[in-house]
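Starting from the given sequences, assemble the full structure and let the hints guide the process.
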Amino acid sequence: MNDDGRTTPDEVPGEVPGEEPDGLPGDAPDDAAFARLRAADPAADTRTRTGILRAKVDAQVGDELRAGALSDGAPAGDERPGDELARRRTRRRRTPWLAAAGVVAFAVVGAGGYALGSGSGAAADGDGGATAEPAVALHGGPQGGGQEESAGGAAADGAMGAAESGAASGDMALSSDVAYPSWYSSGRAVFHASGLSTEDGTARGYAFDATDAATRAGAARVAEALGVEGEPRWDYGSWSVGPRDGRGPTVWLSVDGSATFGFSDPAADPWQCADAAAGVAEDGAEDGAEDAPDDGVECPDATGTSTVSDREARRALSDAMEQVGVDPEGYELEVGEVAEDDPSRWVTAYQVVDGSRTGAQWSATVGEAGIAWLDGFLASTTDLGTYPVISAADAVERLGDPRFSGSVWPVVFAESTEAALEEHYEEPTDPTPPPTPPSAGDPVDWPVSDVEITSARLGLAQQYQDDGTVVMVPAYELSDAAGNAWSVVAVADEAMDFTAPPR
Amino acid sequence: MSPDDLAVHDDAHDPPDTGRAADAAWFDALFAAHATAVHRYLVRRLPAGAADAEDLAADVLATAWRRRADVPRGAELPWLYRTAGFVLANHRRKARATPVAVVPEVPDDVDPATLAVDDDRVRAVLGRLSPRDRRILLLVAWEGIDGEGLAQVLGVSRGGADAALSRARARLRAAWDGQEETGAQAGAG
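If you're matching them up, the sequences are chains A and B in order. Residue 79 in the UniProt record's numbering sits at position 79 of the first sequence, and the numbers go up by one each step. Residue 66 in the UniProt record's numbering sits at position 66 of the second sequence, and the numbers go up by one each step.
In short, the hints are calculated from the structure, not lab data. Be a bit skeptical, because a hint or two may be false.
Covered stretches of chain B, as calculated for chain A (at least 3 residues, CB under 8 angstroms) [to be verified]: (1) 26-37; (2) 60-74; (3) 140-148; (4) 165-177.
Cβ pair distances, simulated, as ranges [what the hints assert, rightly or not]: (5) B:S166 with A:S309: 47 to 57 angstroms; (6) A:R188 with B:S166: 51 to 61 angstroms; (7) B:D52 with A:T202: 38 to 48 angstroms.
In silico negatives: residues of chain A with every beta carbon more than 12 angstroms from chain B [to be verified]: (8) T211; (9) V353; (10) D383; (11) T432; (12) D442; (13) T454; (14) S455.
The structure presented is a predicted model; accordingly, all values stated were derived computationally and were not measured. We put the beta carbon where it would ideally sit given N, CA and C, even for glycine.
Right, here's the structure in full:
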């Protein structure tokens, strides 16, 4: 495989001895036509801009992906299906993909917070003094202007400010709530610092080193540690161990900068989804209809509420981490609450370095029979040393610098903003007249909001570099008085490489 | 409720959902493992230099997130390819404003007329194959998937996929040989 992770036909598992004993049907060595077809691969020199691609995905579903529970958090009666309000609610906490801090409990106790061990509670109530700084979320890519719709039919909930403003103006009644932030409709803003430090400083950066972990041997190690039988095979761009049909425990390991890996054990999966999916795959007729993928791979509804305790769930994840050689002491573990009729518990381990969450995490789905799903990363964390860091006041300037700012949208919405936004969208009841047309010479309307930043927090943000490596860099989370927060990388210009990759 | 629960859920206005967090971790892993493959799948099937591949790849991956309950764990990539086929077919349909009534049941996600292939002979031969044969052959030749993976993309049994591939390859050879003769005649004339 190439360093960009692509698979070439010569490396496919179908040609690994023992996997596909008979080779490809009709794979005659003298098949010149097929060889020529292979050689004509138009993507041979394609370079995928994964960072930008991810930003585009997040622009479609980023909020959903990062928002945390919407239905659980919504007051009763707030969920009229399909209404604008419900859609807006999905924007509650805009934490794009570099954040990965799914549960952010703001009990900031200053640097020096410490990782919790597997047996302790996730003291998020602030009296324990043991909660790390949350990771800072950086906007993942360029501002996306016009994703009006997506293939899945859902509206582009994550479309950024500019696209938003058009939709917001016409068809919705405005309320007079003073807490409603003007940037929400304008989609444009300038930022001013108020009372922030003008002192430059330094802060440590970190990186992942996946060279030992993201290998065939690494896949074999993690498989053995988790009791998955079989030899690693190169499977669609990652190393896989275990049966391909998902009917037994499997491990896969991605050859990426974090050595991301996953483990699943259908025997412990309360939904037994893999079995259902595999059965459906076999039922299809040979030349049958090419149905949409949702036809069939429906997992049966699982019933019953989990009896796994918090302690057991936490222990399951920390044990698994220890089995594969990762010390859970470097993580904060949090267990999701017991959900009615959910036969599993969810546990997340947030990596903590130097008192800050890095944004990297492990997670596990724990059923009565143990871990059904496990996701994590195996790269080691290396210290990149000290970087010069700009002052908080300068960081606010960066919010207006297109080299750094991703969007006028905050990474964290204030509670009052959320409430205001929810009140803001009221269904119009009466017919409304068309807008009054502009007159000759009227100025062009171009609203720009003025945002005052009153507090700054320096933390770490996970950043995926263009070459696939992952770094954890100092970043500011900058908040206004209401609590809306924006983020920007904190490393000074002289320690940044602004060279754009050739394209 | 145990003290642990209370601790985790102190942030009352924003209750955490580690189920969602676990899903997000799964999606991050899926993205890390397969985003490049999905993008390349689309690059291969769009006109050379088309800027749409990245956007369509984003559509496919976003769909995987929305339909995460449907994505078979351990067989994500075949599902993604399958979905990419539909996304591409939708994209073509919109671009050409094809009446819905004439949309073929088998998505022709490989249009030889606009295929980003420099090898004219390969392009010509592909044009003589059925959409289904083209689809199968390119999945094997370019994506490098076969066997169970191919079966999953096509939504057929393993045996059916093997048979379909075998037939497609036979027809490719026949078309290639036919093209050879035509080409030779054209060159001679």
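Taking the numbered hints from earlier one at a time, note which ones the structure violates and give those numbers from smallest to largest.
none
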